[in-house]
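**Student:** Each chain, written out:
2 protein chains.
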Amino acid sequence: MNVLKCNGERLWQSLMDMAKVGATDKGGNCRLALSEEDRAGRELFIGWCREAGMSITFDAIGNLFARLPGLNDQLPPVVMGSHLDTQPKGGRFDGIYGVLCGLEVVRSLADAGVRNERPIEIAVWTNEEGARFTPAMFGSAVFTGSLALDTALNACDSEGVSVRQALESIGHGGDAPFQRPFDAYFEAHIEQGPILEDNGLPVGVVTGGQAICWLDVQVQGQSAHAGTTPMALRKDALFGVAEMAGQLEALVAQFTPQGLVTIGQVNIAKSSRNTIAGSVTFTVDLRHHQDEQIDLMERQVHERFQQVADARGLALSIERHWLSPATPFDGDCVEAVRRAVHALDYSHQDIVSGAGHDAILLARHCPTTMVFIPCMGGLSHNEAEAIDPQDARKGCNVLLNAVTERTQR
Amino acid sequence: MNVLKCNGERLWQSLMDMAKVGATDKGGNCRLALSEEDRAGRELFIGWCREAGMSITFDAIGNLFARLPGLNDQLPPVVMGSHLDTQPKGGRFDGIYGVLCGLEVVRSLADAGVRNERPIEIAVWTNEEGARFTPAMFGSAVFTGSLALDTALNACDSEGVSVRQALESIGHGGDAPFQRPFDAYFEAHIEQGPILEDNGLPVGVVTGGQAICWLDVQVQGQSAHAGTTPMALRKDALFGVAEMAGQLEALVAQFTPQGLVTIGQVNIAKSSRNTIAGSVTFTVDLRHHQDEQIDLMERQVHERFQQVADARGLALSIERHWLSPATPFDGDCVEAVRRAVHALDYSHQDIVSGAGHDAILLARHCPTTMVFIPCMGGLSHNEAEAIDPQDARKGCNVLLNAVTERTQR
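Protein sequence lines correspond, in order, to chains A and B.
Just so we're aligned: 4 in numbering that gives the first Met the number 0 is position 5 of the first sequence, and the numbers increase by one with no gaps anywhere.
Just so we're aligned: 197 in numbering that gives the first Met the number 0 is position 198 of the second sequence, and the numbers increase by one with no gaps anywhere.
To be clear, the hints were calculated from the coordinates, so they are not data collected in a lab.
Please note that a few of the clues may not be correct.
Which copy is meant is left open, because identical chains are indistinguishable; a pair holds if it fits in one copy or across any two.
Listed next, the in silico DSSO-like pairs over lysine-lysine satisfying Cα-Cα at most 27 Å (straight line) [stated by the list, open to error]:
no., residue 1, residue 2
1, 4, 88
2, 25, 4
3, 269, 25
4, 88, 234
One chain only, chain A, in its complex shape (with noise of 0.2 Å):
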């Protein structure tokens, strides 16, 4: 294998100009979906993309398809890609990395003379992290046809705009058809988590997304005056919560380390400083890497919390609020990444994604695979987000190598 290298300083480059867009004071970016921010975030890579030879198209929901002809054009492209919009206090890197990545690639391409046997293409996917509008990647969502057009256009941001008129007044919106061959789909992205920067590697070869359960609980027993009920004739809902808390820190250890257990929310009905708690609702977020897995946690949580409920006299309620099954990626994409890191000689791990991506939904729709570097800290969504410059590099070659063997298949 030819191995190929991209511009490290060019890429941070790109990254910098467009963290000038949106820029917020604390070093981060505020370029929500279809914002007008969002509308110059997306010219000033457009014009670059034309500056590469790259011609530009839009379909209905705003998606972005920048397109390298192929020496033979007629074949399914090989897709990039990622978002450009951000979080109102986020980062300069999550989504724009898989953006800029994809130029650089091509970008890389032409500097060694490489021709494309299939056409490349780089899509900037419409709303992927939905701040401003939900759901959250309804670009990729409508592309893959998991989710009406209708029912993303006429979704409104908390002014009031719909989707239809915000993509008006920015004038993205077009007629390239949805769910068109791709021949693969590969997303650069910044892990999102702690575990590379943990384990010390610069690349992440992502097998999959993982599964995600989340349930809504709601714990019932009996509001009194905290200071004349006797602890014996308690229906403490809190107490009991916490108990289930615990047996959830309990259960999770026999899933490790794949099994990811969070209450992220708690709520206690009339809750006031001298009253027992009498009605407790709290999210739960189950997550591992395979579907009988988390279909096992499921139930053990259901037993589990049953037993608590039961011994206390409390009444239990479980629901399961979204289940989205684990995803696997491709086979052959995967291992396009592995050579190419091998060749590349780059210390890295297999990972498995947490987060939602675009390439989740892509990959219902072609064969599919993400490349991952770390971030520090594992911090994203956040102004203070940060990635080594080297690491952007590496991770960018992996892309190259990983994307050009595919093209020329």
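Please build the complex by placing chain B on the supplied structure of chain A, with the hints as guidance.
**Tutor:** Here is chain B on its own, set in the frame of chain A:
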């Protein structure tokens, strides 16, 4: 001892007549302190008192005193009382029972032709509930000198109306002196807890008020993504709080049955379903009959919580929000109640008041005690608050005989 009996039907009728003032749809009462409804309730009571040969005075915070002259009218009065104000969705008995028992005692003495040596007064303390104005119990607090008059007068409700304005508008201010000598103070009250009902007893001999310690706890971990952060790298503040709650339950088991612990409020900063809790605050309510025991409980909370925090790499801060020492009631008054209970041959038990009452403040001013009767399910501060008319009668008989003995001393 010559055992006197009240007129239980007349007492019940007074309670039901008072309950028509500010009645709510669901059978409760809304007579917020110093509101038009509170005025109407007070005026109804004043009319009954005048019919019973009593004179009316007010002090500058609106406390109302109905006075029956004594044969030796220069002696300090024996005072009964409680409050007529209610929670926004309060019950028909909390406070009202103590005031109307006072009236029934005066009426019963007249029926029996018993003349009182000492003057007898019935006090209606202003704003016991603290629902419209804070702090609660400011009428008795100002009378007994533990709160400055101006502080109470300047307190405002949620619509910006001051106590001074509200008091002027209902015309119940006066110049009766604060801190004038009382021979004794007796307050009959519903238990507002389940102990008497649980033990099947109509009367509780109240020996004092328990100590209360309120703590504000903050636990600081590290907020992070629920999907990308391995369990081993987490500093999940919520799981730490859950373990602390478990420690609190283990702790209180060592202080059975007098110790009480409650976590009434829990707040996860910037909580979201898929974010690990970085910072959690919660309240702890500790109660015990004895000051030295509540001190010990508080010290053990510090020790146990710190151990949990240290083991989990969490930062911990515990601040004492409030400490109210235990209030032993006057031995002579308690014995007078006990003699009355024995003379009447009522089954009963000693009990410590778990809730705050005007009597807790009066106990620092004069010999004081309380008489409790059961309330159904321990329910109070609720429109469904209910008592058995036979218990109401029995409690009033106890008050009648204890006060009569005291007034003839």
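**Student:** Each hint: holds or not?
**Tutor:** Here's how the hints hold up against the structure:
1. 4 to 88: neither (33 Å within a copy, 73 Å between copies)
2. 25 to 4: Neither: 33 Å inside a copy, 77 Å across copies.
3. 269 to 25: This pair counts as between: shortest inter-copy Cα distance 19 Å, intra-copy 37 Å.
4. 88 to 234: between (42 Å within a copy, 23 Å between copies)
This entry does not satisfy hints 1 and 2, going by the numbered hints stated previously.
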